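With the hints as your guide, set chain B onto chain A.
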Amino acid sequence: AQSVSQHNHHVILSEAASLELGCNYSYGGTVNLFWYVQYPGQHLQLLLKYFSGDPLVKGIKGFEAEFIKSKFSFNLRKPSVQWSDTAEYFCAVSPPGYSTLTFGKGTMLLVSP
Amino acid sequence: DTAVSQTPKYLVTQMGNDKSIKCEQNLGHDTMYWYKQDSKKFLKIMFSYNNKELIINETVPNRFSPKSPDKAHLNLHINSLELGDSAVYFCASSPTSNSYGYTFGSGTRLTVV
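Sequence lines, in order, name chains A and B.
Each step along the first sequence adds one to the number in this note's numbering, with nothing skipped, and position 98 is 98.
Each step along the second sequence adds one to the number in this note's numbering, with nothing skipped, and position 109 is 1109.
So here's chain A without its partners, still in its complex pose (with noise of 0.2 Å):
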């Protein structure tokens, strides 16, 4: 069974700092991956996604993710932080052909203005 691990449980950065979330998963085979965010009190949105092709994914908000096979990573990025990006993030993946996702323990991002 495939399975996540979210390294940084809780990240404190101050506006316009520079982000990166660690997500490494454990699985043999081809994984489409996942990167959701979840406001407090609100659902999880996702920020991008990975199925195939270009490594470097971009999504909403400024987000980016890069996956590396050879490391079995999938990590985050955003360049510069706002107060808005106070949120939990998961990161998840899920075998091709198959519907369920396994999340990561997620990580607490607090930006303080």
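I should point out that these hints are in silico values taken from the structure, not numbers from a laboratory.
Any given hint could turn out to be false.
[What the hints assert, rightly or not] Straight-line C-alpha distance at most 27 Å; calculated DSS-like pairs for lysine-lysine:
{"hint": "1", "chain 1": "A", "residue 1": "LYS49", "chain 2": "B", "residue 2": "LYS1040"}
{"hint": "2", "chain 1": "A", "residue 1": "LYS71", "chain 2": "B", "residue 2": "LYS1044"}
{"hint": "3", "chain 1": "A", "residue 1": "LYS105", "chain 2": "B", "residue 2": "LYS1041"}
{"hint": "4", "chain 1": "B", "residue 1": "LYS1009", "chain 2": "A", "residue 2": "LYS105"}
Computed from a predicted model, the values in this text were never measured in an experiment.
For chain B alone, coordinates are given in the frame of chain A:
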């Protein structure tokens, strides 16, 4: 129009009661899911239905019984509620039995007292 809608948004009930959470999607998707988010924000799949048929049933107590009257609805009935059932329950849907095009509902916060 809300794509995946859940009711109620909040549910507070006593131990031992039976309760239901309803989910409806108007996206024409074939597959629907229930995920549980515990107090530590960890998200885990509970059930998956494709065209009204159960396709995934993770290790969930049999007090939890999903029901899908048609492919647009997936309800979750919980018998004999326990304190440990307190969580946020998210419904989701996807077009087919793969992870492309997932849409999550806004969640139901269940509190058992």
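Agreement of A/LYS49 and B/LYS1040 with the hint, judged by alpha carbon distance not exceeding 27 Å: Given pair A/LYS49, B/LYS1040 holds - Cα atoms ~24 Å apart, limit 27 Å.
27 Å Cα cutoff - pair B/LYS1009, A/LYS105: 23 Å, holds
Do the alpha carbons of A/LYS105 and B/LYS1041 lie within 27 Å of each other, as the hint requires? OK: A/LYS105 and B/LYS1041 at ~7 Å, within 27 Å.
Holds or violated: A/LYS71 with B/LYS1044, Cα cutoff 27 Å? 24 Å, holds
Hint compliance for this structure: every hint is met.
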